[in-house]
Amino acid sequence: MKQNIFRTAGARSRKEYSLKSQTKAAYVEMRQFALGDTLLQMSKPACQNLTTGVVPEMGSRATAPLLFFLGLLFIFVKTLQKKATLPGPSFCLGIGPLISYGRFLWMGIGSASNYYNEKYGQIVRVWIHGEETLIISRSSAVNHVMRKAHYISRFGNKQALKCIGMNENGIIFNNNPSIWKMTRPYFAKALTGPGLQRTLAVSVESTRNHLDKLLGSNSTTTTSTTACVDILLFLRAITLDISNRLFLRVPMHEGQIVSKIQKYFDTWQTLLLKPDIFFKFKWIYKKYEKAAQDLQDAVEELLLKKQQELQEAEKLQDITDFATDLIFAQTHGKLTAENVRQSVLEILIAGPDTMSVSIFFMLMLIAQHPEVEKKIVEEIQEVTGEREIQNSDLQLLKTVENFIYESMRYQPVVDFTMRKALKDDVIDGYPVKKGTNIILNLGRMHKDEFFLKPNEFNLENFAQNVPHRYFQPFGCGPRSCVGKYIAMVMMKGILVTMLKRYRVHSHNGTTLENLKNNHDLSYHPNESYSLPRMTFTPRNQAEA
9 MKQNIFRTAG ARSRKEYSLK SQTKAAYVEM RQFALGDTLL QMSKPACQNL
59 TTGVVPEMGS RATAPLLFFL GLLFIFVKTL QKKATLPGPS FCLGIGPLIS
109 YGRFLWMGIG SASNYYNEKY GQIVRVWIHG EETLIISRSS AVNHVMRKAH
159 YISRFGNKQA LKCIGMNENG IIFNNNPSIW KMTRPYFAKA LTGPGLQRTL
209 AVSVESTRNH LDKLLGSNST TTTSTTACVD ILLFLRAITL DISNRLFLRV
259 PMHEGQIVSK IQKYFDTWQT LLLKPDIFFK FKWIYKKYEK AAQDLQDAVE
309 ELLLKKQQEL QEAEKLQDIT DFATDLIFAQ THGKLTAENV RQSVLEILIA
359 GPDTMSVSIF FMLMLIAQHP EVEKKIVEEI QEVTGEREIQ NSDLQLLKTV
409 ENFIYESMRY QPVVDFTMRK ALKDDVIDGY PVKKGTNIIL NLGRMHKDEF
459 FLKPNEFNLE NFAQNVPHRY FQPFGCGPRS CVGKYIAMVM MKGILVTMLK
509 RYRVHSHNGT TLENLKNNHD LSYHPNESYS LPRMTFTPRN QAEA
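Okay, so the sequence shown: first residue is 9 according to our numbering, each after it adds one.
Hints should not be assumed to be uniformly reliable.
In silico lysine-lysine, DSS-like type, Cα no more than 30 Å apart, as pairs [said to hold, decoys possible]:
#	residue 1	residue 2
1	K170	K492
2	K166	K294
3	K431	K189
4	K298	K288
5	K166	K189
6	K166	K428
7	K290	K271
8	K382	K492
9	K282	K431
Simulated restraints on C-beta separations [as the list claims (entries may be wrong)]:
#	residue 1	residue 2	range
10	V258	E468	40 to 48 Å
11	R547	Q398	17 to 25 Å
12	Q398	P95	46 to 54 Å
13	G485	E213	31 to 39 Å
14	Q205	D284	41 to 49 Å
15	G517	E317	43 to 51 Å
16	E322	E346	25 to 33 Å
17	Y493	N466	20 to 28 Å
Rather than coming from a laboratory, the hints here were simulated on the basis of the structure.
Positions of the beta carbon are idealized from the N, C-alpha and C atoms, including for glycine.
Please build the complete structure, drawing on both the sequences and the hints.
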């Protein structure tokens with residue numbers, strides 16, 4: 009019994025001892041945990057003091073510049089979004105304007121305009137000289153610009169225009185609206201009315217005279233009746249002679265003047281968009297300056313001859329013409345001597361500069377399309393018979409007229425025009441600021457809209473009347489080509505007179521497709537590569 013009591017008491021003491029040991033261990037563990045927690049809590053205020061004391065100070069220094077940068081970025085993005093309403097290359101921190109301007113200098117105005125319209129659409133924003141420039145080939149926008157009086161100014165480097173005499177002189181690139189308005193009526197008078205009535209007879213006579221000289225004077229004659237001709241030189245001589253007979257009427261050396269005109273045109277084309285720094289180094293552009301001055305001096309000599317004739321004339325009405333009106337205007341203080349010289353120069357170069365190339369393209373198309381030649385010759389024979397073409401025949405030659413129009417549409421020479429906005433405007437929903445340059449890409453417009461076979465040479469494109477808005481070879485509105493009516497008469501007179509007498513053939517398989525061309529200020533053969541030649545065969549022999 010005692011043993012059991014003792015055993016029970018021992019067991020209890022061992023349990024109590026074990027419980028005390030466990031309690032003591034737990035107490036020690038809790039003390040250690042409490043110490044760690046205390047240390048942790050002691051460490052927290054230090055961390056909080058570091059964060060609340062240092063970070064706010066650093067944040068206050070960094071927040072202001074960060075917010076300023078984000079504000080600038082927001083404005084920049086909004087600006088890009090606003091400008092993106094006009095399709096075109098990106099501004100890209102100024103790189104875009106440099107690339108687009110470089111493309112115009114490298115490719116030429118015409119080729120660069122086609123490149124951007126093809127890539128971005130019918131209305132494109134680019135930069136030339138760092139100035140915003142729109143290239144437009146949509147008919148509605150083109151007509152808007154042409155018909156508005158606040159687009160009568162053109163653009164180009166001022167130093168270049170001074171070099172070629174066009175800065176505030178003449179009418180082609182005269183950017184002074186008041187002087188342009190004062191000068192244009194003299195051109196309008198000469199190119200309409202009695203002058204227009206005389207044009208056909210003068211064109212026929214000049215063409216016939218040059219054709220009569222063709223076989224006898226051509227050194228490359230292959231037979232007694234066939235001649236291989238430097239066709240552009242031949243056409244330039246004809247058109248210059250016609251212009252002289254109509255507007256100046258003084259003796260001149262055609263070959264020398266034609267050569268000077270070509271160098272003048274090359275200068276005009278080369279310098280027009282050059283940067284200002286180009287003109288800081290005279291030795292670079294000295295040859296261009298000389299080329300322009302040579303033609304200006306030649307025109308000055310022709311004007312002196314004209315003035316002498318006027319002084320010696322007994323009846324002024326017998327020699328009154330464009331040059332006479334200008335000289336009288338200068339005498340009365342209405343025009344400056346520089347403006348008179350430039351106006352005469354411009355009316356003389358129009359034929360050799362653009363019309364001669366237009367007629368060359370027409371002759372090439374006739375050589376490539378014998379079925380078209382057949383229709384034209386049959387109509388000429390039906391209307392004129394054995395006699396020369398007369399003014400009363402012009403409206404009857406519908407096939408000839410449609411052929412001329414289709415040629416100018418399919419293979420244009422001047423296929424764009426340059427303008428500058430004189431005030432803020434909206435074009436087809438796009439805002440346009442004052443001073444914006446504009447290139448109206450007429451050549452592309454003529455192949456983008458309306459025509460049934462826009463990429464083919466086909467007289468069916470003009471089988472029906474074409475709305476004026478879709479076909480603008482001479483433009484429209486206040487700054488349209490002042491010589492558009494006389495140009496059509498001259499082209500009809502030259503073509504009909506030639507085709508009545510000769511068949512034309514391209515030389516050595518040359519076609520418009522393989523002909524080397526430049527597409528800058530105008531579209532014309534690259535004569536530095538090779539001189540275009542054509543063979544003339546008398547029609548009676550060709551048909552025998």
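Here's how the hints hold up against the structure:
1. K170 with K492: holds (27 Å)
2. K166 with K294: It holds: about 17 Å lies between the C-alpha atoms, which stays within 30 Å.
3. K431 with K189: holds (18 Å)
4. K298 with K288: holds (16 Å)
5. K166 with K189: holds (19 Å)
6. K166 with K428: Holds, because 14 Å separates the two Cα atoms, which is no more than 30 Å.
7. K290 with K271: Holds, at about 18 Å.
8. K382 with K492: This hinted pair holds, its Cα atoms lying about 27 Å apart.
9. K282 with K431: Roughly 25 Å between the alpha carbons, so the hint for K282 and K431 holds.
10. V258 with E468: 40 to 48 Å: holds (46 Å)
11. R547 with Q398: 17 to 25 Å: Holds, at about 20 Å.
12. Q398 with P95: 46 to 54 Å: Check passed, 51 Å falls within 46 to 54 Å.
13. G485 with E213: 31 to 39 Å: The hint (31 to 39 Å, Cβ to Cβ) holds, given that G485 and E213 are roughly 34 Å apart.
14. Q205 with D284: 41 to 49 Å: Holds - the Cβ-Cβ distance for Q205 and D284, about 47 Å, lies within 41 to 49 Å.
15. G517 with E317: 43 to 51 Å: 48 Å Cβ-Cβ, so the 43 to 51 Å window holds.
16. E322 with E346: 25 to 33 Å: The hinted range 25 to 33 Å holds for E322 and E346, with Cβ atoms some 31 Å apart.
17. Y493 with N466: 20 to 28 Å: holds (26 Å)
Comparing the model with each earlier hint shows no violations; every hint is respected.
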